[in-house]
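Engineer: Position chain G relative to chain R; hints supplied.
The listed protein sequences derive, respectively, from chains R and G.
For what it's worth, the working numbering labels the leading residue of the first sequence as 1, then goes sequentially.
For what it's worth, the working numbering labels the leading residue of the second sequence as 1, then goes sequentially.
By construction, these hints were calculated from the structure, which means they are not laboratory data.
Take the hints with a grain of salt, since some may be wrong.
No copy is singled out in the list; a pair is fine if it fits within one copy or between any two copies.
What the hints assert, rightly or not - DMTMM-like cross-link-like pairs, simulated, lysine to aspartate or glutamate; straight-line CA separation at most 25 Å:
(1) Lys161 <-> Glu125
(2) Lys109 <-> Asp197
(3) Lys205 <-> Asp75
(4) Lys161 <-> Glu11
(5) Lys346 <-> Asp320
(6) Lys109 <-> Asp74
(7) Lys238 <-> Asp394
(8) Lys161 <-> Glu367
(9) Lys369 <-> Glu388
None of the values given here were measured: they were computed from a predicted structure.
Each chain, written out:
2 protein chains.
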Amino acid sequence: MNAEIIAIGSELLTPFRQDTDSLYLTAKLNELGVEVSFKTVVGDRRADLTSAAQIALSRADIVIFVGGLGPTEDDLTRECVAVALGRPLARSRQIIADLRARFAARGWKMSDNNLQQADVIEGAEVLPNARGSAPGQFIHISDAGGEAIVILLPGPPHELKAMFEEQVLFRLSRLTPARYIAHRELRIAMIGESAADARAAKIYKPRADVETTILAGSPGEVQFHLRSRAETMQQAQKNVDSLAAALEDEFEDAVFSANGESLEQIVGYYLQMRGATLAVAESCTGGLLAERITSIPGSSRYFLGGAVVYTNSLKTSLADVPSSLIEQHGAVSSQVAKALAEGIRKRCNATLGVGITGVAGPGGGTEKKPVGLVYVSVADETRTEVVERNYPGDRERIRHWATQQALDLVRRRLMV
Amino acid sequence: MNAEIIAIGSELLTPFRQDTDSLYLTAKLNELGVEVSFKTVVGDRRADLTSAAQIALSRADIVIFVGGLGPTEDDLTRECVAVALGRPLARSRQIIADLRARFAARGWKMSDNNLQQADVIEGAEVLPNARGSAPGQFIHISDAGGEAIVILLPGPPHELKAMFEEQVLFRLSRLTPARYIAHRELRIAMIGESAADARAAKIYKPRADVETTILAGSPGEVQFHLRSRAETMQQAQKNVDSLAAALEDEFEDAVFSANGESLEQIVGYYLQMRGATLAVAESCTGGLLAERITSIPGSSRYFLGGAVVYTNSLKTSLADVPSSLIEQHGAVSSQVAKALAEGIRKRCNATLGVGITGVAGPGGGTEKKPVGLVYVSVADETRTEVVERNYPGDRERIRHWATQQALDLVRRRLMV
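Chain R with its partners taken away, still in its complex shape (with noise of 0.2 Å):
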């Protein structure tokens, strides 16, 4: 069975926003073993929306609409849908009745704009929306001219996600092919997309049992998604779950992530599964690698705090890198790397310290010490280690580069 999703509303055609919720639908239709064949996006305009629809109703056994089911003139989903059906709409007293009920115990009068989403598609089945007054609606047309199913479902993000799980999910499994999806998410750090893929080829290109899907993380990432449909959970899960070994044994400690989890999750659950701390001290990252631990709920228990540093007077005061240090090397140098993964971590009475020192540019560059050159420390009690490396890209990718790859020292440090 393939599907066609089409998002409705005219601000979906300015440069300044984009349909999101066709990702989610798509992850879910495909648990359902649904493909989706088209994307379509279209403005508040009747003709339009009447004629995407028709056409989408021509090559798609499965049409969802999202948006436009509102109480505003330009909420037209209900009434372009029901004409390119070719069945009418009638307004449903039950409907009324809830929308009246939902106003009043806001204290809100119910103008009469509202009245237009009572109105139901003959056939469809009424999708109640408890988080807006928008309610869905499902039809299911099996008839001499063949099998569809028509849905329509409000457009705000957690209305959509609660209609679809509470009210679609079980009509739609019905209908659907009944085999069994399972999936893994393989993550590997510092190594790159197309070496990565040159390695991975081999392994997940014979397995016509397992769909999988390579993917460009944020840089020094790279993710592969694992898809496997089968007769029963436990054949599809098993089919995934092999295809991940063997990936497993290619990239060894490079996959820091059997299911999906970021880094610093894993650095997080390495940290405390150690009972150890962390502190940081960051020049060229200013703040983004503390930020990318602390956005992990909970990290408080095992992440302490840390520096930014972006003067030497300051590498000096708070992360006791001596000044004749700076003088002798420089301050992008491996030497003060060292210097203030081992400060931070005598400052901060952490079980690991780590420091960051580079050029991120676009200025600042020489000729020795380039845009992209970056060290990174990491020092425990007994050993101190440093990696320098020239990143690509620009600005924002030489600091996220320089991150990951402490976060990585950091992980391959705990494994050991």
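Structural biologist: What follows is chain G alone, placed relative to chain R:
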């Protein structure tokens, strides 16, 4: 004139990838006075792509195809558009020579697949691609069936943008309505979207000469996008400028940006202009404020650095907050925020110091100090200010709100 943008690629029909090129293209088309009526996403399937092309040609004056111009079997755009137009393809010797030269320059051998990249639709102008192997095509159809413009562009954003600006823009502007379009983007801080709209509607609604779009940016930021089309550039500019002036009168100093600059950029301008420096001490925002400030190239001219102080002892050792103050009032208190701002300012010898402490959640909230409670403080030599706020939303949004508040306080301090 109206346009349809067709994004081609099966990866764009997965849950993982999204067409973003169309946002750029929409902005450019709007500047030429062309509205986008439809956006379609279609996979690498011959029948689907051909029918999508036929449908688009029947309903849009300008059809832009993005992607599917590579050398693989999946790259079907040239072939399917030719079929939809009923025009033959011819292999261009010039393109073959260019491709061979391109490969030779890199010491690579060109494989035979690449030859299909030399297939040109009858009547098309070839658009050279300085950044990749796939040339684009531009077809101006003007016959008994009417006028149409068909454009084939490569998918990678940097290739697409360069080709559009260098090759497409001048061709399109000869063929599109020669009216001028002016833009302005105002941004305001710390006012909600609906509150901002309620105050702004009476100002922009009566103005038929300017199209106004209000968007919520990141938490604590609302954007007004103003666009006017007129017979002369002067008139278009005058239209947006007069509306911008009226909005600035209404929102006064909440307007931080008169041309779309970010708050961190504006704070950077002010700091440089005043010859002032900044240091920050962050607890709940965990480095996000420093990260935002240092995301701006050249921020080392005014940002010195600071401390991320997740633990009480680091608040004392890195930012000189008296431990008695923490014991007495708790780490999340206006007193500690004030001490963080003053302490880090002195410690770093900065003109201005910022302190942030709060409960970002999801855990750690109490009845007296719930999730979302944040104290933000700004200190200079003569005065320290603290604001207490209860921010809505999840950890990410609360952290962003707090940094936005901090940047806005710094901006206001520097405006005086």
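Engineer: Work down the list of hints and note, for each, if the structure agrees.
Structural biologist: Structure-based check of each hint:
1. Lys161 <-> Glu125: within (18 Å within a copy, 46 Å between copies)
2. Lys109 <-> Asp197: Between copies only: 21 Å across, 59 Å inside.
3. Lys205 <-> Asp75: between (46 Å within a copy, 20 Å between copies)
4. Lys161 <-> Glu11: Both. Shortest intra-copy (20 Å) and inter-copy (22 Å) distances satisfy the 25 Å Cα cut-off.
5. Lys346 <-> Asp320: both (9 Å within a copy, 17 Å between copies)
6. Lys109 <-> Asp74: within (21 Å within a copy, 56 Å between copies)
7. Lys238 <-> Asp394: neither (42 Å within a copy, 36 Å between copies)
8. Lys161 <-> Glu367: Classified as neither: same-chain Cα gap 53 Å, cross-chain 30 Å, threshold 25 Å.
9. Lys369 <-> Glu388: Intra 11 Å, inter 44 Å, cutoff 25 Å: intra-copy only.
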